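So the sequence lines, in the order shown, correspond to chains V and E.
As numbered in our numbering, residues 1 to 153 make up the first sequence, in order.
As numbered in our numbering, residues 1 to 200 make up the second sequence, in order.
Hints are computed from structural coordinates only; laboratory data are not their basis.
Please read all numbers here as calculations on a predicted model, not as lab measurements.
Certain hints may be false.
Pairwise CB distance ranges, derived in the manner of DEER restraints [as the list claims (entries may be wrong)]: (1) V/GLY31 / E/CYS48: 33 to 43 Å; (2) E/GLY24 / V/PRO143: 49 to 59 Å; (3) V/ALA74 / E/GLN39: 35 to 45 Å; (4) V/VAL64 / E/ASN99: 16 to 26 Å; (5) E/GLN41 / V/LEU78: 44 to 54 Å.
Computed list of chain E residues with no C-beta within reach of chain V, every gap over 12 Å [claimed, not checked]: (6) MET1; (7) VAL18; (8) ALA106; (9) HIS122.
Now the stretches of chain E that chain V is said to cover, found in silico as 3 or more residues with beta-carbon under 8 Å [to be verified]: (10) 6-17; (11) 45-56; (12) 67-81; (13) 173-180.
Beta carbons: idealized from backbone N, C-alpha and C, even for Gly.
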Amino acid sequence: MDGRTSKRVLAISSGGGHWVQLLRLEPAFDGCDVAYATVSPKYRSEVPGRRFYVIRDATRWNRVALLVQAVQIALIMLWERPDVVVSTGAAPGYFAMRLGKLLGRRTIWIDSIANVEQLSMTGQLVGRYADLWLTQWVHLARPGGPYFMGAVL
Amino acid sequence: MIFVTVGAQMPFDRLIRVVDEWAGRHQRTDVFAQIGQAQYQPRHIRSCESMGPDEFHATLEAANAVVAHAGMGSIISAVERRKPILVMPRRSDLGETRNDHQVATARQFGALGLVEVAMDEHELAAKLERIDELQAAPGPDGRASPHCVMCPFADKPERCAQRAVTSACPHLLSAVHAFLAEEHPAIEQYAIAPAAAGIA
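Between the sequences and the hints, there should be enough to build the whole structure, so can you do that?
Structure representation (structure tokens):
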């Protein structure tokens, strides 16, 4: 980093295990200006001093919630103007990767360590939109991506 | 204290019932469970529906052992605090989750020695009998930290000196950091080529 302006990062995921994994990446954001977005206000206390956005929780089985979530993420992206979008999972990460590419941002997808046997469905869908496309299991790595560089655990 | 948790998403009555009955049989008063929006109301153990992160971490800190569903939030939280953890995977055919990824997760992390696994209620009941003897996984080389068991350079110590870390794999962190910093290393320079890892 050049020291003049720090990189703006938007770290985004759904709740539970995806969020816990996103937090484990915090040391990688050293020197960056990071904002977090996730589905529960309860998680705010885990990222003190960071900008924090709450979005609607949604799965692919609830289209209305998905639409609300997508609009919320679009607004956050326009407001935050992140240089890089990072996600460990699920629907919020999918929308953030798609919108990020649409807005010309760089994107990082780190597929959840819970997906041992195959990449998550979302992880497969976002591959073409992720500039850095990672799996946390070496046996799921493929030439051209997803790549393996270690795990959060 | 035994801390039981089923995660933030869905209840897991099948697990709670077994723990509750075990606690009743042994008159255990030192069990606390986070049970979600459950149908089954435990009769022998204290419980709550959900917890914020601060309460969760404080309870985990006070626990001698953890019993949980095979969710990554529970597993990572227990392992990073060196708490022994016994997990039972949710099953999709019983409506406990949407797919069977927890079964694979439990098997894999069990094989790595990071968690103790009960595949069903019978195994859970049997393993609860020895819960007080359960030990947190030893780290690589017998060191204190269990981290980095999946280090891409685990068998190449000359490439990784950081065998005991309290955070994510340092290779993963430095790769993400390098990408953020726009140093633009060719991805092949820091990614592990599948061929090198023995993947066809």
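Going through the hints against the structure:
no.: 1; hint: V/GLY31 / E/CYS48: 33 to 43 Å; in the structure: holds (39 Å)
no.: 2; hint: E/GLY24 / V/PRO143: 49 to 59 Å; in the structure: holds (55 Å)
no.: 3; hint: V/ALA74 / E/GLN39: 35 to 45 Å; in the structure: holds (38 Å)
no.: 4; hint: V/VAL64 / E/ASN99: 16 to 26 Å; in the structure: holds (23 Å)
no.: 5; hint: E/GLN41 / V/LEU78: 44 to 54 Å; in the structure: holds (46 Å)
no.: 6; hint: MET1; in the structure: holds (21 Å)
no.: 7; hint: VAL18; in the structure: holds (22 Å)
no.: 8; hint: ALA106; in the structure: violated (9 Å)
no.: 9; hint: HIS122; in the structure: holds (24 Å)
no.: 10; hint: 6-17; in the structure: holds (count 3)
no.: 11; hint: 45-56; in the structure: holds (count 3)
no.: 12; hint: 67-81; in the structure: holds (count 9)
no.: 13; hint: 173-180; in the structure: holds (count 7)
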